[in-house]
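Trainee: Here is what each chain is made of, one letter per residue.
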Amino acid sequence: MTAPSEAAELIRCTGLSRTYGSGSVPAVREASCTLRAGMQVALTGPSGSGKSTLLHLMAGLDTPTSGTIAWPGLDGSPFARPGVVGLVFQGPSLLPPLDVTENIALPLLLAGYAETQARERAGAALHQVGLDELAARLPEELSGGQAQRVAVARALAARPNVILADEPTGQLDSAHAAQVAELLLTAVAQFGAALVLATHDLTLADRLPVRWEMAGGILVTEGSYQC
Amino acid sequence: MIWLRGLLGRRGGRLAAAGLGITFAVALLAALGSFLGASKATMTQRAIGQVAVDWQVEAQPGADPAAVQSALRSGSPVTAALPVGFAATQGLTATHAATTLSTGSGMVLGLPPGYQATFPGELRHLTGSAEGVLIAQQTAANLQASVGDMISIARNGLPPAQVRVDGVVDLPQADSLFQKVGVIAAAQPQAPPDNVLLLPAAQWHQFFDPLASRRPDLVKTQIHARLSHNLPADPAAAFTAVTEAAGHAEARLAGAGLVGDNLGAALGAAREDALYAQILFLFLGLPGAVLAGVLTVMIANSAGPRRRREQALLRARGATARQLLRLAAVEALVVGFGGAVAGLALAAGIGEAAFGSASFGASGGTAAGWAVGATATGLVIAAAAVLVPAWRDQRAITVADARRVLGRPHRVWWMRYGVDLWLLLGSAVMFYVTSRNGYQLVLVPEGLPTLSVSYWAFAGPALFWAGAALLSWRLTDLLLSRGRRVLARLSRPLAGSLSGTVAASLSRQRRILTRTVTLLALAIVFAASTAIFNSTYRQQARVDALLTNGADVTVTESSGALATPALAQTIARVPGVSSVEPVQHRFAYVGADLQDLYGIRPATVTDATRLQDAYFTGGTARQLISALTRNPDAILVSAETVRDFQLSPGDLLRLRLQDGRTGQLVMVPFHYAGIVKEFPTAPRDSFFVANASYVAARTGNPSVGEFLVNTDGTAPPVVAARLRGALGPGVRISDLTTSRQVIASTLTAVDLSGLTRVELSFALALAVSATALLLTLGFVERRRTFALARVLGANPRQLGGFVWSEVLVTGAVGTLLGAVAGWILSQMLVKVLSGVFDPPPEHLSVPWAYLGVVAGLAALGLVIAAVTTIRAARRPPLTVLREL
Chain A
1 MTAPSEAAEL
11 IRCTGLSRTY
21 GSGSVPAVRE
31 ASCTLRAGMQ
41 VALTGPSGSG
51 KSTLLHLMAG
61 LDTPTSGTIA
71 WPGLDGSPFA
81 RPGVVGLVFQ
91 GPSLLPPLDV
101 TENIALPLLL
111 AGYAETQARE
121 RAGAALHQVG
131 LDELAARLPE
141 ELSGGQAQRV
151 AVARALAARP
161 NVILADEPTG
171 QLDSAHAAQV
181 AELLLTAVAQ
191 FGAALVLATH
201 DLTLADRLPV
211 RWEMAGGILV
221 TEGSYQC
Chain B
228 MIWLRGLLGR
238 RGGRLAAAGL
248 GITFAVALLA
258 ALGSFLGASK
268 ATMTQRAIGQ
278 VAVDWQVEAQ
288 PGADPAAVQS
298 ALRSGSPVTA
308 ALPVGFAATQ
318 GLTATHAATT
328 LSTGSGMVLG
338 LPPGYQATFP
348 GELRHLTGSA
358 EGVLIAQQTA
368 ANLQASVGDM
378 ISIARNGLPP
388 AQVRVDGVVD
398 LPQADSLFQK
408 VGVIAAAQPQ
418 APPDNVLLLP
428 AAQWHQFFDP
438 LASRRPDLVK
448 TQIHARLSHN
458 LPADPAAAFT
468 AVTEAAGHAE
478 ARLAGAGLVG
488 DNLGAALGAA
498 REDALYAQIL
508 FLFLGLPGAV
518 LAGVLTVMIA
528 NSAGPRRRRE
538 QALLRARGAT
548 ARQLLRLAAV
558 EALVVGFGGA
568 VAGLALAAGI
578 GEAAFGSASF
588 GASGGTAAGW
598 AVGATATGLV
608 IAAAAVLVPA
618 WRDQRAITVA
628 DARRVLGRPH
638 RVWWMRYGVD
648 LWLLLGSAVM
658 FYVTSRNGYQ
668 LVLVPEGLPT
678 LSVSYWAFAG
688 PALFWAGAAL
698 LSWRLTDLLL
708 SRGRRVLARL
718 SRPLAGSLSG
728 TVAASLSRQR
738 RILTRTVTLL
748 ALAIVFAAST
758 AIFNSTYRQQ
768 ARVDALLTNG
778 ADVTVTESSG
788 ALATPALAQT
798 IARVPGVSSV
808 EPVQHRFAYV
818 GADLQDLYGI
828 RPATVTDATR
838 LQDAYFTGGT
848 ARQLISALTR
858 NPDAILVSAE
868 TVRDFQLSPG
878 DLLRLRLQDG
888 RTGQLVMVPF
898 HYAGIVKEFP
908 TAPRDSFFVA
918 NASYVAARTG
928 NPSVGEFLVN
938 TDGTAPPVVA
948 ARLRGALGPG
958 VRISDLTTSR
968 QVIASTLTAV
978 DLSGLTRVEL
988 SFALALAVSA
998 TALLLTLGFV
1008 ERRRTFALAR
1018 VLGANPRQLG
1028 GFVWSEVLVT
1038 GAVGTLLGAV
1048 AGWILSQMLV
1058 KVLSGVFDPP
1068 PEHLSVPWAY
1078 LGVVAGLAAL
1088 GLVIAAVTTI
1098 RAARRPPLTV
1108 LREL
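These protein sequence lines are chains A and B, in that order.
The letter at position 84 of the first sequence is residue 84 when you use this note's numbering, and the numbering goes up by one with no holes.
Each position in the second sequence, counted from 1, maps to that position plus 227 in this note's numbering.
Just so you know, these hints were derived from the structure itself, not from any lab.
One or more of the hints may lead you astray.
Coverage of chain A stretches by chain B, computed from C-beta distances (three or more under 8 angstroms per stretch; other residues unrestricted) [said to hold, decoys possible]: (1) 50-62; (2) 80-87; (3) 108-114.
Each residue gets a CB set at the ideal place from its N, CA and C atoms; glycine is no exception.
Looking at chain B on its own, in the form it has when it is part of the complex (with noise of 0.2 angstroms):
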């Protein structure tokens, strides 16, 4: 107890400054710790949510729709089941006035009483009724067709259905709707179809129950099923869980049924990004509390000297190995307990402050076991940092030895063998091992429901930290030892004639100064890779979503309609429109093959839209689009169209298009070019990218099948709306906004910026805290020699002059290091956490406004550290003598 009081009353600052270390490192994992539990619990309601129908579950040939109802029914977790007719149509066909429009195949649904209010999310009312006829949007477009308008509906084999539309909708989940249950995902159509039709259920039965009888192949039912949603909150276990549920009904049903599990697939896709959430926990969180373990042990150790003397002088009267370690042992206890309880409190604050829960949203359970784990982990930090040594001292120093302040640094074993090296080199193995696999971390083993994680993609930026730290260690260990004319002339400036002694001074204590440089670096390291891998991770959501919509807004024509290049002038006018680009969209045959083909203007369109390297092979973004104006006839092909011809550069194409002026396909020669891998708009597959002109000039129709619009800073919905009441229902609009909604996966979705907010605020309390509070400490413990320096004459600033060196080498080294470092972390963590990214970052976006305050910061803490000592040794040299 006298121990203790005489810790708390004279080292409380000490005690104190060993505390924070440990509350920054139980407030890190405590708060990732929650948010990552949280997050989990978000990504599968998420994930529940964005599911209209979670099954559909598909009568077979020759089964009872009504059966398979009811046994569905019956069965848990199914809450709802309602049967929905789907019956192929060869055309929908609208008459205005004179004219006629015609679609191709499409598809006629038959909707139960109550469907829409069972499965909202499948049905988004537009304009008109809400029941009824209702035309899908796409479809209104393709036939002109708006509410009132009739609609005749070709049977094959039988005469066509009259219906008058009562309202237009649009299908946001068409690929689901429409997917061939029972299949793989390579065997699905590639799009749903454009043409759709939804009619009461009476009224489809009244139309295609004839068709059935004669055609079954082009009618068939679906029940859609909603099951209940009290799902564990892991994705994984969630997914489980639905699956063997689906697995189960088809099991009741006995081939009566296929299920089509949206659900589980939904939910397959969240457990993926849920294991994808861990890693990066892992990669970015997890350095950031062993940096706070590292520097709580440095804090500790700043007081290593000192700690040692009074052992010694214990020793000396006496104390058993015993006593002192318990003595050790009580100072380690309030220095864990402490920060650990001060470090929860934190957490929770954070949680209440930045996501308006002390636990950051996840269940209570889960948040009690990270404070748990976390205080656990300070304790054993505590341990580290004050026991061990204690206990290392006692075994191995004389008495005599303990009361050395510096001793001569002598050079450590892994200096002898190089472990710093041996480390970055194994790095730079497993980099490369890793990249051979594509980077791939979370593995989906073929024909297995369990994912994994590739830990051994870790190996290479865990490799890294270490080599990079002891590295460090090693440049500023050699600098300080060997390279005192250097740190001489760094300090003149600063020390005049005393420099020579001031390079001697920061030589013999490089020890303590290597520790803080060292940590100074590896926390620039931290804020640096966490910063740049966030803000890349930003920029790529937003290339993602550009690459999905083209530009802040898209107008497209409706297939078969003649937009002309003209269109984009009424575009233009519309307020918030700063440029508008015309792009063909037309469809060609290669050989038997069809494939969309896009047209565009070589010369503007890199201005409209972002095109990335990454998008094309065979040459730059820029090259090969200039390629299209150097030879006009030049074309952009899919890898697999390379592979299926047997293309080579400059080899030649041909081409059918359909002519504008005759109708009829013709031939229309290219040369082959390059390789396109996504375009903007362009699907998922294969594709041609050609020169709109040389287009335009073979097949007579220069119409433009999209126009790409950006806008002059006014929101794009704001903008995409405007544009709807210029241009009216006959053009298809969408906005980057909408589309950033629509494609972001669960990952996005939980808001990846929540979890490095966390971490960049450490970063930055973690730099701060290693520049001002290491450097205040080991001023303190060097107030006596200060002292003696004042006695013997030294002014303060002439005292300003040592400190003031130490603070120039420790920022100066220390920031160089660790941008060198974060630098290259950051290109690496990009590379191996590519899965994150869609699509891959061309390169990193730094985040130049935080790095600065980082350093900034940073900087303020030498400064006030420097300040701080120096107007300490303004106080008379022996009232601080005689204090100590």
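Okay, chain A solo, but in the shape it has when bound (with noise of 0.2 angstroms):
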């Protein structure tokens, strides 16, 4: 087994800082971490603490304001590379004129598989997470816990090397939000990808070998890894 210090980068931060308005706001304050292979990573914080704005930053979705990052183990940034990095959002994230399998089919589509491919490892997916009989279903048709469950498909469809995951049960019961994290937890383990979980539940943070804290938009590590 690879050591966790000797295990490749895959995402490294440097001093990042991100800010909204004009400067006002600080939402990441120097904020330096390095996401390896096969890491396990919980971001916890209270709310506003800048948890979904390092996640965007790592993802690509946003640029920081200051300091670096960079994806040595995604060859480049994973922004418009569909597959490279799987999102699970907090919210309803599902694309509203497409049922459950176009949905989880469509990062597969833009990252080039041919349409019977995509539709077969969609398939496949959505049978992970044990949701067949929902192939058809428009997302408006399905409850906060089917849809959260068809994201987290859709999110390992690709089978990336990472996946960022924004509170992907905060909006559900707990019974639910168990069952999602079960999946995340589950497929993970099964390929090897690297996670980050950015939750509030602090059970869930626990089962998570490392923890990332985050308070006012300053990151303290915690865990077995060092950051």
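Got two chains here, separate frames each, mind docking them using the hints?
Mentor: Structure below.
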């Protein structure tokens, strides 16, 4: 087994800061951390502490105000490169005009997969989350828990190296939250993807070996891995 | 107020878009309504202006003309009354050197002093003095007479009277001047007398008072009256006022005089034209206003899902139905009033720019009335677009349902029952029923002074509009719901491997797309039908002028003159002339009936003048004219002649024509080949058309009656003036431009194109709005979807696949459906409105340039909507998601 410190770097953040407004609202301040292959990180902190902003920066969806971010293990920013990073959001993120299968297959199609292959993998991912019977449903016909499980399936379908999940269980009841969390952790363990999971749920956070804690935009680390 | 501030701040664009739809509707209604009001007033004024003598009151045998004149003067609305003598003469004679020319019977008029000043339109001075002994232009041609020549006037039972010509005049109102006062139209003379002299009253009395005492049947006096022209603006009201005044005048005269009501007749035609203008407004203008209203509703509906979510949020937080409706009412009022004000301003601007008057020339009251009506319509549309859906949703939809974005499109009830097909069937039935009364829209019941409109005629096109709209909806829905494979194939060049997903997306959004496609199709139908109708109308106006004048310029020999075909070469040498076609004009007896006979060169006449199939029965124009070549003794006759003589094709018909060698009538055999109803320059009466070579050979007379002259592009009046200079006074020369002015009805006088100019502009704006506006708004509502796709890794090119595919489907399907329905409706409109055309068109005239502009601008609108959306999608997706 590769020692954690020897695992390949996937994402490296150095002194990242992100402010909004005319610099008056610092969401992230001087955050430095490294995500390595296979790492499973729980990103905790109170609301407004900068967890989502940090995840967005790591996903390449946002640009830091200062500091640097590199993706040595991903061959560059994952933005506009579908399937490189799997994203799971807190709120509804399925595309309304596409059914469940099409939603799951979309990142694969965007990445250049042939339609048949994309549908096959989408079906497999849907099976993995136990929702085969919902394949033809529209997003507005799903419950919150079902929709989030589909979002997880979409994130997993391309077998990405990194999964960034921003409060994936935040809007779910405890039973569904446990379901979704279990799915994520099982799938990540299965194909060895790195995971950063932002959550309020300390019980869930405890299941992950690494803890990054944020407070007031500042990142404090904990756990067996050094950041 | 908070809600209103939020609406204006966050949804200002959408409010403006909805207001734009109302602006169109209000502007169109206000503009057309004001134009209609102004047109009616113009029609009345034009009708008044066309009449030289308002009343011609004929003193009855035994009545004292002076008493009749006095009685007329004393009653309103007569402002001037002068006596005019009419005396019949057996003929006029002029002697030049050793040649004596004589005419047949004619009329000699006695004009009192001041007549021309009082009735300036009755005589048109040509040469010589404007006073004294005047000779009509045609008579001068017949006698080869000019100023200074002596004319002998035959008087029945008396020695001829001698006069010296002082001037030559034209009688532009000869038909009404020589009418038989007090008889019905069918008993009027076919044509005014060719031979007319006008003498000063004193000289006339000197010559004809003795005749009057011997032969009172040959001499009469009319009192020519001018009325006050302070009449109502509406032609129908003006007609009523004048005819009632004429009735009162006759009652006052108690049988001493009969009133020939020229002004009433002109206003009667104008009121019929005014009704047609109203009909055209309904047929051509109202659909545009309805479309603008539909556009507004659809713009408002495009935000329906978001509005329902907002309503759901408010309801979940305790808002009552009343509060929700109040908020919707605020939005409706803002949109309605804003749109109405902008619409009225737009209408005023169009009026000022296109017609030089913000009210389009209508009176203040008329314009204000239409403005109020249009504003009320705008408010109704706003209520229908905003308030009614809000009321319906809060009653019928749960909070959960209101949060749905798309929903599963379900089959609407009218599709289940085939309402669209029933409407189209109904349209066909009504169209057929209307055709059975010859598409008579304006009904003139026998003996009744009122006109009425057959509103049943509206049913066919109205049902077609509704049926075509629903069928477009059905077909688009069918394509989007069942035609995913077709959609995927169509979008493959644009979306590549995403084409399947694109097709699925289009299919799920079919409710929105179907609305956009249907509105685009209807906008194209409106543009196409209006433009084709207008173009066909202008085409027929030219055809009508050609039918009257024959060609660009027509040179008519005086009767009795022997113009040889060689004169054609003289005419051809005149600058501006491109072709000359000689046409014989003879008179032939069939039985006891004398008719005009036109001898033509069948091989070349169709090049010289336009012959429509509608002019003939029993074959096309080409077929029947060719028959005259194949069978030189073939002849085309009127339907009346066929009935009178029980003719069948090929039957022998013997006519008596004058032999050019002996001057005697000779029998010339012909064979009946077909019916001719109309022919260029021919009278509205029975006549013959035959082969000129055959007629010349049989009668020994190759002389030509008229030459049809086409110009090389030089204005016809210019060429006509050159020909007058080259050929002298012995011929009559008329040109197409002058003929159009003379024959123009009051409907054409107000320039129908003025009405359609407004409509065509709106049609263009509607087509562009239906595409650009609706698509853009639809894309705006899907910003979140596009942002999520970007987050998932879609690049702008891949997003473009979705956008351009939607644009392609919308544009292609909408244009195809609109073009087909527009063609059908154009055919229907031209048939139903055939009363406007004179003569009816053989085929439609398609203004490809205008339709190309509409298609081009609509396509440009689509492209702009797509480009704008794709550019907006380049924005950082998180920024978009945060804003939403």
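Trainee: Now look at each hint and say whether the structure bears it out.
Mentor: Structure-based check of all given hints:
1. 50-62: The restraint on the stretch 50-62 of chain A holds, since 3 of its residues have a Cβ under 8 angstroms from chain B and three suffice.
2. 80-87: holds (count 6)
3. 108-114: The restraint on the stretch 108-114 of chain A holds, since 6 of its residues have a Cβ under 8 angstroms from chain B and three suffice.
Violated hints are absent here; each numbered hint is respected by the structure.
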